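Q: Model the full structure from these sequences, guided by the hints.
Protein chains in written order, with the numbering used here: chain A, 606 to 920; chain B, 606 to 920; chain C, 606 to 920; chain D, 606 to 920.
I should point out that these hints are in silico values taken from the structure, not numbers from a laboratory.
Careful, some of the hints might be misleading.
In this list, chains with the same sequence are indistinguishable; a pair is considered to hold if it fits within one copy or across any two.
Using 35 Å as the maximum straight-line C-alpha spacing, the simulated DSBU-like pairs for lysine-lysine come out as follows [as the list claims (entries may be wrong)]: (1) 895 / 790; (2) 895 / 885; (3) 790 / 885.
As the structure is a prediction and not an experimental result, all values here were calculated from the model.
4 protein chains.
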Amino acid sequence: MRLTADARGVYPIAPTPFLADGTIDSGSIDRLVDFYLACGSTGVTVLGQLGEAPKLEHGESVAIAGQIIRRAAALPVIVGVSAPGFAAMRALAHDVMDAGAAGVMIAPPNTLRTDDQIAGYYRQAVEAIGADVPFVIQDYPLTFSVQMTTAVIRRIVNENPGCAMLKHEDWPGLEKITTLRGYEKDGSMRRVAILTGNNGLFLDYEMERGADGANTGYAFPDMLCDVVRLSHAGRREEAHDLFDAHLPLLRYEQQPGVGLAVRKYLLMRRGLLTSDAQRKPAATLSVLAKAEVEHLLARLAVHDPRAALGTPDGA
Amino acid sequence: MRLTADARGVYPIAPTPFLADGTIDSGSIDRLVDFYLACGSTGVTVLGQLGEAPKLEHGESVAIAGQIIRRAAALPVIVGVSAPGFAAMRALAHDVMDAGAAGVMIAPPNTLRTDDQIAGYYRQAVEAIGADVPFVIQDYPLTFSVQMTTAVIRRIVNENPGCAMLKHEDWPGLEKITTLRGYEKDGSMRRVAILTGNNGLFLDYEMERGADGANTGYAFPDMLCDVVRLSHAGRREEAHDLFDAHLPLLRYEQQPGVGLAVRKYLLMRRGLLTSDAQRKPAATLSVLAKAEVEHLLARLAVHDPRAALGTPDGA
Amino acid sequence: MRLTADARGVYPIAPTPFLADGTIDSGSIDRLVDFYLACGSTGVTVLGQLGEAPKLEHGESVAIAGQIIRRAAALPVIVGVSAPGFAAMRALAHDVMDAGAAGVMIAPPNTLRTDDQIAGYYRQAVEAIGADVPFVIQDYPLTFSVQMTTAVIRRIVNENPGCAMLKHEDWPGLEKITTLRGYEKDGSMRRVAILTGNNGLFLDYEMERGADGANTGYAFPDMLCDVVRLSHAGRREEAHDLFDAHLPLLRYEQQPGVGLAVRKYLLMRRGLLTSDAQRKPAATLSVLAKAEVEHLLARLAVHDPRAALGTPDGA
Amino acid sequence: MRLTADARGVYPIAPTPFLADGTIDSGSIDRLVDFYLACGSTGVTVLGQLGEAPKLEHGESVAIAGQIIRRAAALPVIVGVSAPGFAAMRALAHDVMDAGAAGVMIAPPNTLRTDDQIAGYYRQAVEAIGADVPFVIQDYPLTFSVQMTTAVIRRIVNENPGCAMLKHEDWPGLEKITTLRGYEKDGSMRRVAILTGNNGLFLDYEMERGADGANTGYAFPDMLCDVVRLSHAGRREEAHDLFDAHLPLLRYEQQPGVGLAVRKYLLMRRGLLTSDAQRKPAATLSVLAKAEVEHLLARLAVHDPRAALGTPDGA
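A: Structure (structure tokens):
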């Protein structure tokens, strides 16, 4: 199954589960994927920015992607193949497509500045992965320091038939969605799927601007699925009510650097990960931070029973 | 009155009000200051990052600061004097201190990288403004691209007796507050006031980590005052309830670039600004964005009557 | 006299002379200008990147520019008006044009990334200074971190009739000159003067690629004038011989940060500056560095008698 | 043979030779190494910044390093293992040390800012490669945008016994060498080898400041060997004469981006590379640029017969 431009819904960004000793926790991988399926996800993305990909050897990356692809069965799986050089990108893209991936995701290296450099980079990347491989543009200036205008995105889309999706996580980004959808309407850009990231911080209004869904790793993908469903169904205030209830916690998880530790802690608390361990280098949660997350969970549980997780082990 | 290290409470960041033709709107300046006083602010900061200072000529800056200082009467007024060169910083600091400012705020230029460069910069800035002038360190890496460790902040505080306050707006920043308060406890750093910025995005937990208050420009400074008061009074859940009600809108205003347009629009809607005009260059709100802000206001009004602003003019 | 697009020859970048106590040294200003005239300069640029402009108050900047304009008499004088805000840029541009400047030079702020941002910035700057004021684009990515493609430069030139000159100091930059001259030939860009900077590090081949001359502050502007003259006269090997003889010293002066100290020291050694003092903050030359400069001068004097400066005072 | 802190002389940075079709040219690898040996090199570095390492798959990198190690026989070979993640760094370091490398070279990722981040990164890197593996710090802010103060370098050296060498290519960098040698004298830092890079642009004075030699890829390593030898022998003016003769060409090769194309072209012209091909992405030399290089060679040949290479094929 190949990723196509009519993708929609929620593609959770899967973290890479490790056990406390740093080995890959394949039990948790299956549990995560089963959970994604159960809560209505329409796809999965693996080895994204918060998937700890740089801490994996090539063979490990291929193995993890393969396991997820097999477990997700009918769902399309996108694999992040961003790399500092095209040799590594080519090798990984080749191996995961062979293993059944639906497409790959490519972020620009943080040295790119001009429009020409950015468009040129994607042209070269497509040469590396193969023109027939569906790919996702990752537009995340907060992390990558690369600013893509809507004109550049249009250029990449139009120049590369393999481009099927934009993972939109510019900030601010609402007008960008509107402008891109306008390009489609005025015929200057073919339609691609727009799924939004940045931990979902603006998912509420992104949906109303024309996003097709979410492609992010917030620890409550079930909430993301519900918000996307409610929004698509035109149940606006219900969508906002649910989203707003999660916003205090979601904002806490969205913090750069420490965010992954929050996410893994939450997934562990939800019983989806055996451990919240990261491979080094890793930011960790202080005792105070954990108490804040527990406080946020307790407050959230008033509005959303999914957050009623009881007392943490050892507390 | 001089700024001292025991400052606390809320110092709103005042925007610079303009009329539609770009002239300074002194009527709105008075109205803003009166409002700050009425809602319990303990100080005011003017010509901050979102005060459009680079669009003002020197004489205008001094005039605006002077008007606010006179109107605020008993409240200490901090004036932003960040500048690309020490000549302009010296001139502005001198003139506003002459006019009765309580102190000045200094942000690092975005070319600084190493710890030594940062500490050296503040040493030179203090030489420029005068060692007896109280000053505020502005720690805002998201905007200035300068990363100050807690060790560097400690060094600046200890090397410069004039340093009275840290405007804390690192992100993530909770552990930073805890570490700095730890330095005070272990005796390695003298106490300075810590007021937090970044539009208050983490004010709820920043207070619990030891912040003395807020120093930011969110369009509901009355809410900031209430949250700080509730937090200081130990009424934790009430503080969070109020904060969480504002978070969807606050997050919307915190967006880089377009945030000031949101803020000025809100202040105009609240009757505090005559116009939401900015001098060029300025981001503006699209029709869709205005509708989103109105939607956020309407939703907020359910929880906080201050947001019940009726229908916008012309709507 | 207004700067026009047929400017050519050498426009030395004048340093700002200070006495040891930091006061402006107007005697040296006259001496410098007389020297520029005597050695065949065709213009002068003042308050450039190495003119210590941020250390000057507005009134000082206007006074210095005014003195140079009067002294240079028949020569066009360009004044750097780069500033973090358009208010300061507008004020300085207005005052120096009133005082008889031929045009102004504008560098982009280091926050610009995309092509649209850069073109938009120059549009706004032109609004600020007035559409009738001739201006120079400064393209110096090494210092400003802004990368302008030839397409962006063409856009700025074509959108702004006031653009008369490009101060070209990209690195590498030879192909850029060739491409821009190609745009003129294919009719897609009107002709502008291209004078090169970056301390003249590639002046030899830049002339052969189509540059009209030099716009830089190397302490031997007489050499720059000779190289430009020889190159225009087609005396290629002589031009290279002279240039190569200076290259070891020129490279030493081109170092970022410490370069201005080298330049001022050399100008003092040549009797053009009374003092090599800079206003703070300033890099200074160590004893070892001064000995290296003297060594370079002694070696240069074998090839160019202008460098035979005798023993430094106090040595 | 392990790299030790008393390394000195010239370690050329070997380019990775490709044939026109992108395959690795092992004949040229042998020829290069034989040439390095013949001209008096004391070591070799492979897979450096200009070794096109990101374009190689892991197996290719190991194979190239292995071939050079075997061919260089008695000479120590350093292998660049810089990578965006520690997994890839660990794997490559392990495999090349197994193959007989003398040590590895590690550059900091361009996201590092503060002193603590930089020191922390090297601590983690040492954990990844193994504490017993000798390593080289690469200090090249022009390319990596990471500014290491001398205090940070001292900290890395003192914290990590495996640190044997500094590849010094800061710019300006002369005072840095003097300061580091001062640390050794005052006992605050143990001695490490300092070999300089940045294409040798300041090799002449770097030697006089205390550098132990050169670690760079200029296409005339024989000249580098001679300058280092003359400098060590105290034959100062001869060293400068030879260096200055090469400076016009060396400067041309030192240009960012296009420099590698110049270098490979020169090595091909010298008969050391079969082809000047690079794997994509690659900057190429225009016809004008090639003519400039030929002109520089012809001018150099007057002073240094090694540059007398006759007419290029096809000319």
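Q: Taking the numbered hints from earlier one at a time, note which ones the structure violates and give those numbers from smallest to largest.
A: none
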